[in-house]
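Based on the hints, put chains B and C in the right spot on chain A.
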Amino acid sequence: MSLPARIGRGIALTLFAIYFALPLLSMLDFSTRAKGGAEGRTGEAWANLFQDEDLRNAIIMSLLLALFTAVAMVVLLVPTMIWVRLRVPGATRVIEFLCLLPLTIPAIVIVVGIANVYSWVTYLLGDSALTLTFAYVVLVLPYAYRSIDTALSAIDVRTLAEAARSLGAGWTRVIVTVVLPNIAQGVLGAAFVAVALVLGEYVFASLLHFDTLPVEIALLGKSDASTSVAASLASLVFVSVLLIGLSFLHRNRRSSS
Amino acid sequence: MTTAAPDTSTERGVAVHLQDLTRTYGATRALDGLDLSIEPGELVALLGPSGCGKTTALRILAGLDVATSGQVLVGGRDLTRVPANKRDMGMVFQAYSLFPHLTVADNVAFGLRLRRTSTSARRARALEMLELVGLGQHASRYAAELSGGQQQRVALARALAIEPSVLLLDEPLSALDAKVRVQLRDEIRRIQLEVGTTTLFVTHDQEEALAVADRVGVMNAGRLEQIAPPVDLYERPATPFVAEFVGLHNKVAATVSGGTATVLGASVPVIDGSITSGAGVAMVRPESVSVSASPTGTASVVSVGFLGPISRVHVQTEAGDALMAQLPSALAVGLAPQDRVDVSIAGTPVLVVAG
Amino acid sequence: MSSTHASGGRRLAAAAPALGLVPFLLFIGIFLVVPTVTVVATSFQGADGGLTLDNIRALGSEAALTTLWHSIILAGSTAIIGGALGALLAWLVVSAGPTSRLRRVTLAVSGVLAQFGGVPLAFAFIATLGFSGVLTEALRSWPGVDIWGGGWLFGLKGLIVVYCYFQIPLMVLVFVPALDGLRVQWREAAVNLGASRWQYWRHVAVPLLTPAFLGSVLLLFANAFAAYATAAVLVSQGNPITPLLIRSALTSEVLLGQANLGFALALEMIVVVAVVMTLYALLLRRTSRWMR
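If you're matching them up, the sequences are chains A, B and C in order.
Here the first sequence is numbered in this note's numbering, starting from 1336 and rising by one per residue.
Here the second sequence is numbered in this note's numbering, starting from 9 and rising by one per residue.
Here the third sequence is numbered in this note's numbering, starting from 3 and rising by one per residue.
Some hints here could point you the wrong way.
Claimed, not checked - Using 25 angstroms as the maximum straight-line C-alpha spacing, the simulated SDA-like pairs for lysine to any residue come out as follows:
| no. | chain 1 | residue 1 | chain 2 | residue 2 |
| --- | --- | --- | --- | --- |
| 1 | C | 159 | A | 1351 |
| 2 | A | 1557 | C | 149 |
| 3 | B | 94 | C | 185 |
| 4 | B | 94 | C | 209 |
| 5 | B | 94 | A | 1338 |
| 6 | B | 94 | C | 184 |
| 7 | A | 1557 | C | 152 |
| 8 | A | 1557 | C | 157 |
| 9 | A | 1370 | C | 150 |
| 10 | B | 94 | C | 208 |
| 11 | A | 1370 | C | 142 |
| 12 | A | 1557 | C | 142 |
| 13 | A | 1557 | C | 184 |
| 14 | C | 159 | A | 1352 |
| 15 | A | 1557 | C | 140 |
| 16 | A | 1370 | C | 146 |
| 17 | A | 1557 | C | 162 |
| 18 | A | 1557 | C | 158 |
Simulated from the structure, these hints should not be mistaken for laboratory data.
This is chain A alone, in the form it adopts within the complex (with noise of 0.2 angstroms):
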């Protein structure tokens, strides 16, 4: 490479790195300066992470929120698609359809429309935030698909399940202890991506009125922005944590097939 491309690269690559640094610099700084220009640091906005009673409700409500719906993707989904490859391979194109669907309705839309549905919902489960479990399996159900039709993807379903029942085992079987173990790394992706997402979520939240925790770090940035800061910056760092052991997951399955 000649020495002004290279000089042009330099320079470009910097411009990216200062553009995309700078704002998470800045939350830092921002998050641990000392209270009404005084100078000095105080990590007073982050020990607030803890001991605001309402902050702290809310994370463990998103904590809970995202276990929740792990599961229920898993729960739901999976054995699903297991099942279309093994039993009803027809209906691969409908189901691949709806899953992604989501992504080309906005989330603000189902927002919208959803509204009459959970009045029956909170009518029949009571009104908890975890009742957001429904929607934000809809939400992550277009990543979770990809994720677990790659894996299966990889294997061959078909001959494994017909070897697993020339054997005797049952479909229930097949599927628990024969299937799941071969998809567990894209399960567990989906998985990720699931706790991911709803960490984040904040359409369905704030208009279904749930306090969950982006919920909350918006109500407070109207008071107390250096504690709003702080948790953005502490859940960006959390998923991003999530984010970057998915990716050696994904390293890791490649290097071992």
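Just chains B and C, lined up with the frame of chain A:
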């Protein structure tokens, strides 16, 4: 035949000289002082196992790789420092080199478009080239709509459309089915003779090399082991490496004296490069070995492989040599493992090397 | 193999596997299809439940049209800026080689930042460019420039700057595979046939990448058009974009005099996204003859 079909102009070809080419990648030496001369209009095949440097040699000739030292001379001109896009060479890659967004005709005309040839002239030339490779009716298709063999024909037409000084074929058949491979290789030879372009053909398939080339160069570890017309190479391999690579060879104990070798009790002439006297190992081709059933035979059959017109019979001699014989299937009928057989050797010259 | 008496049972048996899909279909039906159908149906309902086109007509009001226009400007400009800069970054990354550290790091970071919409993103920019943001204060003290500029960050311009922060990484993620798809042989074949570096880009690389680039830009458009959370937190006054107008329609009783305007606006969003997806499908069909 179109009117513009090239006349029998072997004089259109140019001579190619690769002089003392060395190419190192870090500690590995891909080429180690390669010398190779190609006559005008000649088709030379470079043959060798993967990693022997044959593709590196071709890519250096094309300008796609740079020699660490040495020279590339084409038609007397030193091209060593000339960039690839100024070399006027047509190259056919292993596979998937057609531009997918262009039709077959536009692919073939691509080089002419770069040379600012008029639209009508390059259209005509593209069609002419497509006729030459037998794909005139597919001009408006895309690469994705063609079979692998057809794609390689288009790639050949594209390379020839610019009337290259040298045609470079980099394992052009290796991604194809066996049947198409044979068909296309014969066609490549027909077309090359027709246009008379000096050609370098790189392959790891000895049958392919022997079938198409005027001369075959066998490469090993970045050097040319031997370069000779196919028949010579086959009958008079200069080194054990060539002998083994060019045909399956039996290694049989032999003694040499006075220009003949005694192998399995028979006297056989030795070829140049053999040891001149003493004990050694003879490289004997399977088709030089024949076996016949005999209750008093000195060898026994290990296995018989039926390959259609010919069969391969593996035998074990009492002396302990394991041999493979290749004979017409009619002669192998009735042989079964454990049968006693006599083994004899044809009088064709053999290479004997120090054991 | 007498089958007459068993055929009814067999037909049932053949349909039985499909029953395994019922839970999934039921779930999707309730939580995705019903809401979507509700949106469409309610768009045509008046406050009394009767059939009306008033809601749709209200979409033609100047306020609604301006908002839609702003939404399209926001999605369009960030798709184009994000698409161009993202493609540039993707190229810088790919040309560094398939195993380079630059590539690994950039892809991992992009994977995180592309998902980094929503509330935290808004606060990241408040912390950077807000009134007492880090960059704002730094530039205010030296060289004395005021980039706060009366709070542009909290309007449409601000949204454009902020959205690019997730649009560029998203572009990197979707465009790197397209660049990886450029085979070395194509460049070598072109060079071999006499192409200069510029001619290779002009005649081979750019035409080959154009469909992927346009497709990616359409995806970015849909992504920005549908985004809500960042804007909801950032924008303090007015409803510059459609999702925020929907919020007001949902939270305040009557907007622009129409009870079900929120549904009509949601329908409008569906239509815009559908148009984008149709364009995308047309694009695919145009190139499908030569794309694998």
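### Task
Run the structure past the numbered hints and jot down the numbers of the failing ones, going up.
13
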